[in-house]
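Asker: Each chain is listed here by its residues.
Protein chains: 2
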Amino acid sequence: MTNPEKKHILYKESIKREVTALKEKILSFLDDERYEDLQALIDNATKEELAKVLETLDEDHLAKLFDCLDKELAADVFVLLKQETQKMLLEHFSDIEMQEVTEEILDEKPEELLESMPLDVVQEVLLKADPEQRNDKIVEILNFLEYKKFVQLKPLLSELKPMDIAEIFAEIDEEKLPLIFRLLPKELAAETFVEMNSTQQELLIRSFSDHELKLILEDLFVDDTVDLIEEMPANVVKRILMQADSETRKSINEILKYPKDSAGSIMTTECISLRQDMTVQQCFEKIRAQAIDKETIYTCYVTDNQKKLLGIVTVKDLLLHSYNERVEDFMQDNFVYADTLTDKEDVANTLSKYDLLSIPVVDQENLLVGIVTVDDALDVITEEATEDISFINAVTPSDKPYLETGVFRIYLHRIPWLLILMISATFTGLILNTYEAMLSTLLVACVPMIMGTGGNAGSQASVTVIRGMALDEIRPRDILSVIWKEIRVSLLVSVSVGFVCFAKLQLIDRFIFGYPYTLLYSAAVGVAIMFGVIVAKIVGCCIPILAKTLKIDPAVFANPFITTFTDVLSLLIFCGVTLGLFGLGTV
Amino acid sequence: MTNPEKKHILYKESIKREVTALKEKILSFLDDERYEDLQALIDNATKEELAKVLETLDEDHLAKLFDCLDKELAADVFVLLKQETQKMLLEHFSDIEMQEVTEEILDEKPEELLESMPLDVVQEVLLKADPEQRNDKIVEILNFLEYKKFVQLKPLLSELKPMDIAEIFAEIDEEKLPLIFRLLPKELAAETFVEMNSTQQELLIRSFSDHELKLILEDLFVDDTVDLIEEMPANVVKRILMQADSETRKSINEILKYPKDSAGSIMTTECISLRQDMTVQQCFEKIRAQAIDKETIYTCYVTDNQKKLLGIVTVKDLLLHSYNERVEDFMQDNFVYADTLTDKEDVANTLSKYDLLSIPVVDQENLLVGIVTVDDALDVITEEATEDISFINAVTPSDKPYLETGVFRIYLHRIPWLLILMISATFTGLILNTYEAMLSTLLVACVPMIMGTGGNAGSQASVTVIRGMALDEIRPRDILSVIWKEIRVSLLVSVSVGFVCFAKLQLIDRFIFGYPYTLLYSAAVGVAIMFGVIVAKIVGCCIPILAKTLKIDPAVFANPFITTFTDVLSLLIFCGVTLGLFGLGTV
Numbered sequence: 001m002t003n004p005e006k007k008h009i010l011y012k013e014s015i016k017r018e019v020t021a022l023k024e025k026i027l028s029f030l031d032d033e034r035y036e037d038l039q040a041l042i043d044n045a046t047k048e049e050l051a052k053v054l055e056t057l058d059e060d061h062l063a064k065l066f067d068c069l070d071k072e073l074a075a076d077v078f079v080l081l082k083q084e085t086q087k088m089l090l091e092h093f094s095d096i097e098m099q100e101v102t103e104e105i106l107d108e109k110p111e112e113l114l115e116s117m118p119l120d121v122v123q124e125v126l127l128k129a130d131p132e133q134r135n136d137k138i139v140e141i142l143n144f145l146e147y148k149k150f151v152q153l154k155p156l157l158s159e160l161k162p163m164d165i166a167e168i169f170a171e172i173d174e175e176k177l178p179l180i181f182r183l184l185p186k187e188l189a190a191e192t193f194v195e196m197n198s199t200q201q202e203l204l205i206r207s208f209s210d211h212e213l214k215l216i217l218e219d220l221f222v223d224d225t226v227d228l229i230e231e232m233p234a235n236v237v238k239r240i241l242m243q244a245d246s247e248t249r250k251s252i253n254e255i256l257k258y259p260k261d262s263a264g265s266i267m268t269t270e271c272i273s274l275r276q277d278m279t280v281q282q283c284f285e286k287i288r289a290q291a292i293d294k295e296t297i298y299t300c301y302v303t304d305n306q307k308k309l310l311g312i313v314t315v316k317d318l319l320l321h322s323y324n325e326r327v328e329d330f331m332q333d334n335f336v337y338a339d340t341l342t343d344k345e346d347v348a349n350t351l352s353k354y355d356l357l358s359i360p361v362v363d364q365e366n367l368l369v370g371i372v373t374v375d376d377a378l379d380v381i382t383e384e385a386t387e388d389i390s391f392i393n394a395v396t397p398s399d400k401p402y403l404e405t406g407v408f409r410i411y412l413h414r415i416p417w418l419l420i421l422m423i424s425a426t427f428t429g430l431i432l433n434t435y436e437a438m439l440s441t442l443l444v445a446c447v448p449m450i451m452g453t454g455g456n457a458g459s460q461a462s463v464t465v466i467r468g469m470a471l472d473e474i475r476p477r478d479i480l481s482v483i484w485k486e487i488r489v490s491l492l493v494s495v496s497v498g499f500v501c502f503a504k505l506q507l508i509d510r511f512i513f514g515y516p517y518t519l520l521y522s523a524a525v526g527v528a529i530m531f532g533v534i535v536a537k538i539v540g541c542c543i544p545i546l547a548k549t550l551k552i553d554p555a556v557f558a559n560p561f562i563t564t565f566t567d568v569l570s571l572l573i574f575c576g577v578t579l580g581l582f583g584l585g586t587v
Numbered sequence: 001m002t003n004p005e006k007k008h009i010l011y012k013e014s015i016k017r018e019v020t021a022l023k024e025k026i027l028s029f030l031d032d033e034r035y036e037d038l039q040a041l042i043d044n045a046t047k048e049e050l051a052k053v054l055e056t057l058d059e060d061h062l063a064k065l066f067d068c069l070d071k072e073l074a075a076d077v078f079v080l081l082k083q084e085t086q087k088m089l090l091e092h093f094s095d096i097e098m099q100e101v102t103e104e105i106l107d108e109k110p111e112e113l114l115e116s117m118p119l120d121v122v123q124e125v126l127l128k129a130d131p132e133q134r135n136d137k138i139v140e141i142l143n144f145l146e147y148k149k150f151v152q153l154k155p156l157l158s159e160l161k162p163m164d165i166a167e168i169f170a171e172i173d174e175e176k177l178p179l180i181f182r183l184l185p186k187e188l189a190a191e192t193f194v195e196m197n198s199t200q201q202e203l204l205i206r207s208f209s210d211h212e213l214k215l216i217l218e219d220l221f222v223d224d225t226v227d228l229i230e231e232m233p234a235n236v237v238k239r240i241l242m243q244a245d246s247e248t249r250k251s252i253n254e255i256l257k258y259p260k261d262s263a264g265s266i267m268t269t270e271c272i273s274l275r276q277d278m279t280v281q282q283c284f285e286k287i288r289a290q291a292i293d294k295e296t297i298y299t300c301y302v303t304d305n306q307k308k309l310l311g312i313v314t315v316k317d318l319l320l321h322s323y324n325e326r327v328e329d330f331m332q333d334n335f336v337y338a339d340t341l342t343d344k345e346d347v348a349n350t351l352s353k354y355d356l357l358s359i360p361v362v363d364q365e366n367l368l369v370g371i372v373t374v375d376d377a378l379d380v381i382t383e384e385a386t387e388d389i390s391f392i393n394a395v396t397p398s399d400k401p402y403l404e405t406g407v408f409r410i411y412l413h414r415i416p417w418l419l420i421l422m423i424s425a426t427f428t429g430l431i432l433n434t435y436e437a438m439l440s441t442l443l444v445a446c447v448p449m450i451m452g453t454g455g456n457a458g459s460q461a462s463v464t465v466i467r468g469m470a471l472d473e474i475r476p477r478d479i480l481s482v483i484w485k486e487i488r489v490s491l492l493v494s495v496s497v498g499f500v501c502f503a504k505l506q507l508i509d510r511f512i513f514g515y516p517y518t519l520l521y522s523a524a525v526g527v528a529i530m531f532g533v534i535v536a537k538i539v540g541c542c543i544p545i546l547a548k549t550l551k552i553d554p555a556v557f558a559n560p561f562i563t564t565f566t567d568v569l570s571l572l573i574f575c576g577v578t579l580g581l582f583g584l585g586t587v
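Sequence order for the protein chains is H and S.
Following the working numbering, the numbering of the first sequence begins with 1 at its first residue and continues without gaps.
Following the working numbering, the numbering of the second sequence begins with 1 at its first residue and continues without gaps.
Errors might be hidden in some of the hints.
[As the list claims (entries may be wrong)] Partial chain H-side listing against chain S, Cβ under 7 Å, derived: (1) P185; (2) M278; (3) T396; (4) K400; (5) P401; (6) L419; (7) T428; (8) T453; (9) E473; (10) R477; (11) V497; (12) Q506; (13) I508.
It is worth saying that the hints were derived from the structure and are not from the lab.
Note that this is a predicted model, so its numbers are computed, not measured.
Note that CB positions come from ideal geometry on N, CA and C, so glycine has one too.
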């Protein structure tokens, strides 16, 4: 009779022996670089055996062996390892090297992940994963967890960038958000708050005590506070202004009075000003003292007692001069600046043109009132491109991401344009109603092609010119060179289009589908399309320039006007050429 | 008999007395702030008299009086003043205050300007003028001047930013360019060279001696040299590579091997690397030593001996720690980085998302190979927006400004799309040819409106989704929320469009123009347009997402496909609804 206890021990002994045997084989294969044999060995072993072997190896062999496993096996084995071994592996391999394995691990359910692995390893795994996948997983984990377990994830959140935390928070259940938000350390909380969408910001502010709100506001830069105020409803704004200190309140009111889209409205008032008689040493002392509170420190502004802007000094300039030199001896006094009322798009373009990190904003008396930084310029450039793309395609631009914009708002952004364009189609309807009796069926069937090609040819020209003007490459006074260029382009284009149109009618419509398009018919349509293209291109390039001259945004104005115009013109030309020039009436 | 000499003296005396009298009156009016009387006095005086008075005043009165003159008079008087007085005025008033006057002065012919005023005053005037006007004037002056006089303008050019000089050079006569370019000091010459267009760069390189080329190349950053090489013809590239030092040549070859549009292809290899055991003091010493040669110094990279990237330290971090602290104690080890093969658009978006000034680029072994700076990211974002706008509107994007692109190249960028779209209109032609016999004239006249509205509704949806995906706000897995949103929006939109269409046919076409659109006809067209809009919106939002899933640029793919699709669908729906549902045949 065998003792079951004994049997168990024997069984364990045998496993241990097997593992030891496996380990020795693996070690010898590894050292002799017999990778094919090693692979065969791995394929035959269970993941538990492999985990046991891995735990007994030194770091070098451990890494080598782990590297031989395919990603699925590696993930399975990794979860079984002891915490120290897991950490050793995470430290040994770089983020990129571990990425496939971490992805595989994260594909398992997050609860399992949390149960099977200690929290600091989970954190390491999450931090090594691809940001997109990582954020989704964290959302899942946070939504799954109870409050008391959130606290364990505090160190994980503290390791993330504010932009990523905001992305994660955007998908967290509403009632959990205020609790999780309070886990963030003070400064990170403020930075994250800035990146969140306005609905969530409002939710949080409503859940804050006055003291909590004050703490957040203290850590916000003035321009961010202004952005926040512009988004919030009146009662929230009142609370914000009450909690802001008087200095900040003054700056906020200052910025709020500038018109939307002006440099003043996007600037921040926090920047480092120096005096012209300061030495490099004194400058560095001042920068060190103020750096923590300023959005950017790399460009400093030299002003006099009245805050009149005298020059600019970069930290690079300071580093290139010795400690006892004076600022006035090397400051750049021929600098680029913006007016508070300069259009923000111009400011962004200037910043981009001169490769600056920030640009000073002065008031009418030439006194320094703030700066616009390159990250704001980037946002402006992206926004303006979105605006242009929207207007050109008949949508009023939205300042919120699509998925966060309400259905009714999207409706409002689209419906006016659709209606204007639909009603302006009255003209083409009238023309067709007038001439239709005279046009043969074959010619009427060509109308969509004629109008479509005219419209496309026109918008090709208008879009190129609109974009060129947005980038400051084309100015209104270039109108003659633009027209001359478009005339030459449209001649080339129209000849090709006319010829292909003729060929298409002969080959496709007549030969393949058997419609009786004679040579004369096809030639008439081809000639009509040629004239249509030339006229559309010239109209298309002129209208945006005229709009700009009249100080109307070319993108807004160009679209409905050019469409209506080219539609009507190409239809009229079509009727004129086929009926008048070629005499192709139905009669 | 009066001595003519005497008479002349008497005459001069009388002028002098008049001027003295004028001066006294002016002074008393100024001091008593009797501005109306002063204005009357000014209006009666000649510009010569005013100039004489101004020259005798102290700075305070001078400025006050000058400020009272309107801009035309001020300009006329200014030109008559002695050089010291001119300089005093230029120094007293800020650029903005002088702008109207300098504009007025510059509106006179440049040659007169050069003759009537000494060169250093001309320079001051030009530098105070609005950059746009200033650059044009400088072009005029340079084109007008003979070579030996260029030299006098050397100090003026040295005061301008490289981007402005490049703009000026773009309009200088070709044969004068190499001469004028040689006037620039060495470093400015290199910076200007980078900003010039490739035609002019080639012209210059061909005019350079090997030594001159070497000097310019020495001052270029590696990424700029790479851009240059990519633009130049083979024989020029050969010369450039021969003159570059071996270190640069190695870096160039390194960058050139990365695919177009990858992070590797836009990075620069010049950045400051630190070791983790360095103290703040040692870091600053290294930065000071290397700053002059590096494109950016504000973010430094901590690497080990193998160049493996361990962390990031900003100059701001360094300034916030004391001199004897070690880098490893405060470096950011959880940093954002890009792979050499990461798409440059993703790199730019990441840089923008995290508000970075530069982002490190690592190779497959996680070794630091370069950085991408924010100014390059700005260019990428602008370029990508232009690309999207172009593709959406059926133009192949150009990497050169419109005015610098040749006619034939513009033709090539436009013709394929026009032809594809024209030939795809075959489908609508077939549908019309099939159903036209059955459709009444009144219904055929509505076809452009039906197709136009369907097309516009579809492109509104597709453009919003395309832009949302470019900005990373919409991801392919959001497809269901996008469709659900578009369904709701399209229901709202279609009801409005259908109703307005019905009303328009009744009010405009029937009531005003007298076409016999009965209630039934109008209702049929209204219902058809409703269905058309709904289908177009859903197709419009799905196609870009499908394109992205298939790894095709949504902007390229979306346009021709969606246009053809919505045209055909709305036409079919129209025929189906009017003929099938409402039974409105011609018979």
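Asker: Now tell me, hint by hint, if it's right for this structure.
Answerer: Going through the hints against the structure:
1. About 14 Å separates the beta-carbon of P185 (chain H) from the nearest beta-carbon of chain S, more than 7 Å, and the hint is not met.
2. Taken as an interface hint, M278 (chain H) does not check out: its beta carbon lies about 16 Å from the nearest beta carbon of chain S, beyond 7 Å.
3. Because the closest C-beta pair between T396 (chain H) and chain S is about 10 Å apart, greater than 7 Å, the hint is violated.
4. Violation of the interface hint for K400 (chain H) is found here, the shortest Cβ-Cβ separation to chain S being roughly 9 Å, above the 7 Å cut-off.
5. The closest approach between the C-beta of P401 (chain H) and any C-beta of chain S is roughly 4 Å, which is under the 7 Å cut-off, so the hint is satisfied.
6. Interface restraint check for L419 (chain H): the shortest CB-CB distance to chain S comes to about 5 Å, inside 7 Å, so the restraint holds.
7. Hint status for T428 (chain H) relative to chain S: holds, with the closest Cβ pair at about 4 Å, below 7 Å.
8. Look at T453 (chain H): its Cβ gets to within about 5 Å of chain S, closer than 7 Å, so that hint holds up.
9. At a threshold of 7 Å, the smallest CB-CB gap from E473 (chain H) to chain S is about 4 Å, leaving the interface hint in force.
10. This hint is violated: R477 (chain H) has a C-beta 10 Å from the nearest C-beta of chain S, more than the 7 Å allowed.
11. About 6 Å separates the beta-carbon of V497 (chain H) from the nearest beta-carbon of chain S, less than 7 Å, and the hint is met.
12. Taking 7 Å as the C-beta cut-off, the interface hint given for Q506 (chain H) is violated, the closest approach to chain S being about 12 Å.
13. With 7 Å as the threshold, the beta carbon of I508 (chain H) comes within range of chain S, its nearest partner Cβ sitting at about 6 Å, so the hint holds.
Against the hints set out earlier in the document, violations occur for numbers 1, 2, 3, 4, 10, 12.
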